[in-house]
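Asks: So the chains spell out like this:
Protein chains: 2
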Amino acid sequence: MSEPLVYDEILIIGGGLIGSSIARAVRERGAARRVVMHDRDKSVCDRLRALDICDHVDEVCGAPNADLVILAVPPGGIAQTAKQILPQMKPGAMLSDVGSVKANVVEAIVPLLSGGIDFIGGHPIAGTEQSGPDAGFASLFTDRWCILTPSARTKEASPGAQKLKRFWQALGSRVEFMDAAHHDLVLATTSHLPHLIAYALVGTATDMETVTKGEVVKYSAAGFRDFTRIAASDPVMWRDVFLQNKDAVIDVLGRYIEDLTALKKAVRWGDGDTLLKEFTKTRAIRDKIIDAGQDVAEPNFGRNPPEEGESN
Amino acid sequence: MSEPLVYDEILIIGGGLIGSSIARAVRERGAARRVVMHDRDKSVCDRLRALDICDHVDEVCGAPNADLVILAVPPGGIAQTAKQILPQMKPGAMLSDVGSVKANVVEAIVPLLSGGIDFIGGHPIAGTEQSGPDAGFASLFTDRWCILTPSARTKEASPGAQKLKRFWQALGSRVEFMDAAHHDLVLATTSHLPHLIAYALVGTATDMETVTKGEVVKYSAAGFRDFTRIAASDPVMWRDVFLQNKDAVIDVLGRYIEDLTALKKAVRWGDGDTLLKEFTKTRAIRDKIIDAGQDVAEPNFGRNPPEEGESN
Numbered sequence: 004m005s006e007p008l009v010y011d012e013i014l015i016i017g018g019g020l021i022g023s024s025i026a027r028a029v030r031e032r033g034a035a036r037r038v039v040m041h042d043r044d045k046s047v048c049d050r051l052r053a054l055d056i057c058d059h060v061d062e063v064c065g066a067p068n069a070d071l072v073i074l075a076v077p078p079g080g081i082a083q084t085a086k087q088i089l090p091q092m093k094p095g096a097m098l099s100d101v102g103s104v105k106a107n108v109v110e111a112i113v114p115l116l117s118g119g120i121d122f123i124g125g126h127p128i129a130g131t132e133q134s135g136p137d138a139g140f141a142s143l144f145t146d147r148w149c150i151l152t153p154s155a156r157t158k159e160a161s162p163g164a165q166k167l168k169r170f171w172q173a174l175g176s177r178v179e180f181m182d183a184a185h186h187d188l189v190l191a192t193t194s195h196l197p198h199l200i201a202y203a204l205v206g207t208a209t210d211m212e213t214v215t216k217g218e219v220v221k222y223s224a225a226g227f228r229d230f231t232r233i234a235a236s237d238p239v240m241w242r243d244v245f246l247q248n249k250d251a252v253i254d255v256l257g258r259y260i261e262d263l264t265a266l267k268k269a270v271r272w273g274d275g276d277t278l279l280k281e282f283t284k285t286r287a288i289r290d291k292i293i294d295a296g297q298d299v300a301e302p303n304f305g306r307n308p309p310e311e312g313e314s315n
Numbered sequence: 004m005s006e007p008l009v010y011d012e013i014l015i016i017g018g019g020l021i022g023s024s025i026a027r028a029v030r031e032r033g034a035a036r037r038v039v040m041h042d043r044d045k046s047v048c049d050r051l052r053a054l055d056i057c058d059h060v061d062e063v064c065g066a067p068n069a070d071l072v073i074l075a076v077p078p079g080g081i082a083q084t085a086k087q088i089l090p091q092m093k094p095g096a097m098l099s100d101v102g103s104v105k106a107n108v109v110e111a112i113v114p115l116l117s118g119g120i121d122f123i124g125g126h127p128i129a130g131t132e133q134s135g136p137d138a139g140f141a142s143l144f145t146d147r148w149c150i151l152t153p154s155a156r157t158k159e160a161s162p163g164a165q166k167l168k169r170f171w172q173a174l175g176s177r178v179e180f181m182d183a184a185h186h187d188l189v190l191a192t193t194s195h196l197p198h199l200i201a202y203a204l205v206g207t208a209t210d211m212e213t214v215t216k217g218e219v220v221k222y223s224a225a226g227f228r229d230f231t232r233i234a235a236s237d238p239v240m241w242r243d244v245f246l247q248n249k250d251a252v253i254d255v256l257g258r259y260i261e262d263l264t265a266l267k268k269a270v271r272w273g274d275g276d277t278l279l280k281e282f283t284k285t286r287a288i289r290d291k292i293i294d295a296g297q298d299v300a301e302p303n304f305g306r307n308p309p310e311e312g313e314s315n
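Just so you know, the protein sequences line up as chains A and Z, in that order. Here the first sequence stands for residues 4 to 315, numbered as in the working numbering. Here the second sequence stands for residues 4 to 315, numbered as in the working numbering.
Hints were generated in silico from the structure; no laboratory data involved. You may find that some hints are simply not true.
Sample of chain A residues facing chain Z (criterion: CB under 10 Å; computed from the structure) [as the list claims (entries may be wrong)]: (1) Lys45; (2) Val63; (3) Pro67; (4) Gly118; (5) Ile200; (6) Ala208; (7) Leu278; (8) Ile288; (9) Arg306.
In this text, all values refer to a predicted model and were calculated from it rather than measured experimentally. The beta-carbon is built from N, C-alpha and C at its ideal position, and this holds for glycine as well.
Bound conformation, chain A alone (with noise of 0.2 Å):
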């Protein structure tokens, strides 16, 4: 194990479950030796003041000592908080974000940088389906994988890419580096097109004129209720996320409504070899994330504890 202090100062722009969640496991795990925190809302001010969960709560923003910038605002906002702050940050500061969304991103700070500061992006993947100061913890990160983009400016392997991976490394991250753009292709379809799927189901159950919206209710766990968990995601920052990836996320959800219309097909000529055969390839990918650790291997999640002392 490394060190685990890695900055002397930082600041984290943004107080809600993923700003709030790294000050929580900055402090947990020593990676700077002082963690101050803005957020344009004077009541997540005072929440993150009522939760001791940093040094410092600065209502006016400005970043004279962070050797880390983190803005962990919605990525409809993450282009003009850097402009912003980055005029006040300090020779040599590292800025970064933990956006969904890359390529765009990158694009828009790189011109900004001068003086020696960097910018990485960064995505840790991990979250729920809360929000807000109150929602975050210390183990979020805790074997989820982060993803930093460097750019051509500034590449994987320069000192700042490297102590940026060794922060959330300490905070229990693994941490890839990937090109902006293939990390928006890929969270196209591991991210944003389950999340748009989810939000669509709910609509189109809760829209039904021939079933009511008590009936979805009480019998949704036959599958219904593992949609709404997702689809209950912060309804800004999703819109944000689908705007500015739109490119790769119309290229998997048409590949998506491609393949649901063949399983439609199947369906309607009772082709059941299809059906089955569809069916069928989808157990082995489950098992491989339980293997790589990206999910519990407990049926439904772990909801259905058997009762203590049930031997089977």
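Take the given structure of chain A and dock chain Z to it, following the hints.
Replies: Same frame as chain A, but now just chain Z:
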């Protein structure tokens, strides 16, 4: 609370997740004096004996003494199994099933009834993504709904129907009577469509030529992993469900593809207002599901528990 003992002897045909869970629940709660099980697969019979969850495992299926026979076989085999067991059932006994599609089963079995034997379709809205006798557990039905679908022949108010209701209540379920065709539309919405969506997503994600399977696995915690649980469900059972509930599935799937296409258009046109409106509707239904006791309130289904001793 009523007397837990409801039937003297029951026969469960099929020793998978549901059948073996019924046996365990009956024993734990004393809902029948004697439980006999049968499975056409000899290795399942051996396993049922080893698990010791019923009084007798019958390799040659007969039902001379059973007051209730439950068909816990995949949907495609229910009508055929009913045909075989009905002539062996004693006068006045009740036949039921646990399949996810009801109209076709009621239609196929009711004309076969004679000798005071009744049939009422049953569907416990409970399960996990696992299969087989080892996957079952006694609390599977606790606080879950069980839908019973009486026919014109055997009405809800009949003593047989009320007795079957008491049986499921004794296993911990809440019971609702419903018209079989309406059941199939409700479940197409809350169960069959979600499963088809999940199976299709796993197919789309693993068929991307620009994103590797390794990347899909590594970054699955961003949403994709949730879908792989549902898509790991028994492929044979689900093939049967879609073949047997064709009309309702095509109806809701068609609506869903329309809704998804509308969201795709909103993404293409950068229509953030529409996206935000759709994404904002969905948190309310999750809250209702949690209030109704049909899901846990913990973030990430409780997969990310905060460490012990952590205050936030």
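Asks: Next step is simple, just say for each hint if it's right about the structure.
Replies: Okay, the hints, checked on the actual structure:
1. A cut of 10 Å between beta carbons decides the hint on A:Lys45: the least distance to chain Z is about 20 Å, and the hint is violated.
2. The beta carbon of A:Val63 comes no nearer than 25 Å to any beta carbon in chain Z, farther than 10 Å, and the hint placing it at the interface is violated.
3. Because the closest C-beta pair between A:Pro67 and chain Z is about 29 Å apart, greater than 10 Å, the hint is violated.
4. Given the 10 Å rule on beta carbons, the hint for A:Gly118 is violated: about 34 Å separates it from the nearest Cβ of chain Z.
5. Hint status for A:Ile200: holds, given a least beta-carbon distance of 6 Å to chain Z, under 10 Å.
6. For A:Ala208, the interface hint holds, since its Cβ comes within 10 Å of a Cβ in chain Z; the closest pair sits about 5 Å apart.
7. Here the hint on A:Leu278 is kept, as its CB sits about 4 Å from the closest CB of chain Z, short of 10 Å.
8. Given the 10 Å rule on beta carbons, the hint for A:Ile288 holds: about 6 Å separates it from the nearest Cβ of chain Z.
9. Using the Cβ-Cβ criterion of 10 Å, the hint placing A:Arg306 at the interface with chain Z is satisfied: the shortest such distance is roughly 5 Å.
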